[in-house]
Amino acid sequence: MAAVSTYLNFARETEAAFNFYKEVFGTEFIEGVHRYSDMPPSEEFPPASEEDKDLIMNMTLPIVGGHLLMGSDCPSTMGFDVNIGNNVHISLHLDSKEEVQKYFNSLAEGGNISMELQDMFWGDYYGSCTDKFGIQWMFHCPSGK
1 MAAVSTYLNF ARETEAAFNF YKEVFGTEFI EGVHRYSDMP PSEEFPPASE
51 EDKDLIMNMT LPIVGGHLLM GSDCPSTMGF DVNIGNNVHI SLHLDSKEEV
101 QKYFNSLAEG GNISMELQDM FWGDYYGSCT DKFGIQWMFH CPSGK
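In the UniProt record's numbering, the protein residues as written are 1 to 145.
The set of hints was computed from the structure by calculation and includes no laboratory data. Some hints here could point you the wrong way.
When the alpha-carbon atoms are kept at most 20 Å apart in a straight line, the in silico EDC-like pairs for lysine to aspartate or glutamate are as follows [claimed, not checked]:
# : residue 1 : residue 2
1 : K53       : E15
2 : K102      : D124
3 : K53       : D38
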């Protein structure tokens, strides 16, 4: 079933922020905490440095009304510059690749594609873009759909 979540990026504070949010909302992380050291090596994504390997690659926390708060660390050592304004994405969790492609193509038109749609190692068909109004979007569906 399709859903929408909010995705937050931090320079190096994701774990502290999400532990705070966990306390505030009284909920538990879904599917644990994934660190950069968990990522399989590939040409596109080189292994994290010793300094960054324990940073958060992804974590998910339910907050209220079924809404999911998701997040990751995006340190400058990995080529990211997190600033207020580029640290929040609207994340669409859709039911099929066709649906992902439809919304991705429409929202990317006149904007910038940050990651082309592709099957990812974590099992999703995924891509991201910034629309022509500067809003950042992420698109997901299970790879096999």
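Each hint tested on the structure:
1. Between K53 and E15 the CA atoms are separated by roughly 13 Å; this keeps the pair inside 20 Å, and the hint holds.
2. With a CA separation close to 16 Å, the supplied pair K102 and D124 stays within the 20 Å bound.
3. Proposed proximity of K53 and D38 is supported: the alpha carbons are some 8 Å apart, at most 20 Å.
Taken one by one, the earlier hints all hold for this structure without exception.
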